[in-house]
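Chains as they are written, first to last, in the working numbering: chain A, -7 to 311; chain B, -7 to 311.
Please note: incorrect hints may appear among the correct ones.
[To be verified] Calculated lysine-lysine pairs in the DSS-like style (CA-CA distance at most 25 angstroms, straight line): (1) K161/A <-> K189/B; (2) K82/B <-> K171/A; (3) K161/A <-> K225/B; (4) K281/B <-> K82/A; (5) K189/B <-> K281/A; (6) K82/B <-> K161/A; (7) K283/B <-> K283/A; (8) K283/A <-> K281/B; (9) K283/B <-> K82/A; (10) K281/A <-> K225/B; (11) K211/B <-> K161/A.
[To be verified] Heads up, incomplete: computed chain B residues facing chain A, CB under 10 angstroms, no partners named: (12) G4; (13) N6; (14) H147; (15) H156; (16) R170; (17) K184; (18) Y188; (19) V243.
Rather than coming from a laboratory, the hints here were simulated on the basis of the structure. It should be emphasised that the depicted structure is a prediction, and the values quoted were computed from it without experimental measurement. Backbone N, C-alpha and C fix where the C-beta goes; we use that ideal spot for every residue, glycine too.
2 protein chains.
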Amino acid sequence: MIEVALGIDIGGTNTIFGFINKEGVCLAKGTLKTQKHADIEDYIDELFQIVETKRNALSYQIDIKGIGIGAPNASYYTGTIEDAANLRWKGRIPFVSLVKKRMDVPVYMTNDANAAAMGEKVFGAARNMNNFIVITLGTGLGSGIFVNGDILHGHDGFAGEIGHMIVRKSGRECGCGRKGCLETYVSATGVKRSVYKLLARHIGDSELRDIPYNKLTAKMVAEAANRGDEVAKETFTYTATILGEVLANVVAVTSPEAIFLFGGLTQAGDILFDPVRKSLEENLLSVYKNKIQVLPSGLTENAAVLGTAALVWNSKNNI
Amino acid sequence: MIEVALGIDIGGTNTIFGFINKEGVCLAKGTLKTQKHADIEDYIDELFQIVETKRNALSYQIDIKGIGIGAPNASYYTGTIEDAANLRWKGRIPFVSLVKKRMDVPVYMTNDANAAAMGEKVFGAARNMNNFIVITLGTGLGSGIFVNGDILHGHDGFAGEIGHMIVRKSGRECGCGRKGCLETYVSATGVKRSVYKLLARHIGDSELRDIPYNKLTAKMVAEAANRGDEVAKETFTYTATILGEVLANVVAVTSPEAIFLFGGLTQAGDILFDPVRKSLEENLLSVYKNKIQVLPSGLTENAAVLGTAALVWNSKNNI
């Protein structure tokens, strides 16, 4: 009998789950299209049918000690998903109690960035750290903050919305209805917007002038930058400079040991990390200078599922 | 035998101490000019002589369970005071170990803003709160942050430097050597600077035009505002609007239940609090709107000493 955590990562497109042992090894995994069912009960029924199928296909028995769930707009305190823009189920979904009806084990749910931070703590590069921040760079910018060895949930479970710190007064329109939020500049979408801003400003050639906005990806911009395209290079410097400025302000609040960058955009590598580090150091109060590491996430394969499983393994019941 | 904590608040001008019982009653207090002794050993010797004199003058016996100290640039982790600009003792002063030589009880030291936050938690208006922020408005702007029921010290003990978040790129010169820090706008000094900025901009009459910069105090500005002086009123609106903007960003990091304003500047009352609340709400992400209270500190008399004594009463040894 092998003890495992069932980690479930609910993304806008795919739901991915895995059986993860205490060492962070994924023994088996499965997927389900998140949008397949309009009814939340149907979705959870099929999800647990696949879980059982995967469990029965193993050549050994497993003991599921708990379930960890990462989902957009998930509240750690209430176990609900509330008005998630990218999911079909509207209103307030009592997700944790629906899951417990199918499998009566401890269930932990939080948002995807907090799960990424927990994964970094339990299985990644933050194993020996008690105060650190994980920034997830995807369509938007998420953040998971560890203080005193625990995730910072705050009063209502919604701490860590660094992507919605306002960084430019009357700046870019944000999906949240306000203007100038960090994620309108620093995210895959932010990079695209910055490319178009710079193409408008400059007159020089750029391979990006041939790509329509709706076809452009941050990956294309990173590749162009690494080929020496000036607009693409300036885009990354611009993006990273703003991120460094804001991180310097966040450091003045929580004083972390390290900041991890996570997600597709980090594949850009040095053209992202170098100017982030430079801008951070330039903007730090002296007491913090040369102390804060900016690092790539230590999680690569199965990162999302590892993070959710880590919620189980880090809980007081399982230490 | 009455159990007390010895609370010591070390300010740039005065050192104040008191014997505080578990209910937050100050049984006796004393003072010493902080600048009297160039030698730190002489200072601590005289301080503890006065403490003994005050103890012996009591008509009952006290048992000092511990000592709490609040000091500028104090590190909670190392028990040292490091390069405090307003103190005579330079370099790294091992304050806690020097105190323990005189009285061998548990000694806790932190900076003055953290002590204020601990006072709010143990004796003030935050007794039932686990996630809140105290902003101390004096010559500068300090902050003490509670998360998960504890002071947020961060990795190196220097968390909570909200006064040094950069809020205006290339803004006002700050004593820290950078530009645009929050405390250059929001503090007693910030208020004076804003008066002069507005006197330069406007042409109308103002009673403040008769006061030289070095004579002007924030209290005079508050009094002028309450008499209807337009420049003074606009100064408070300007100050409070910036504070509200920054607090909205800080809320996106730690998600507190309440924010307390503490210190002389808060005596301005509604002309400060009303525009802070308005600006905060206007700048908050929707998930936080109408949830965050902005309140005056619940500590009035002996606030600084109560806060330092609270360090003792809140410690795990004394609960």
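Hint by hint, which ones does the structure fall short of?
Per hint list: 2, 5, 6, 7, 8, 10, 11, 12, 13, 17 and 18 violated.
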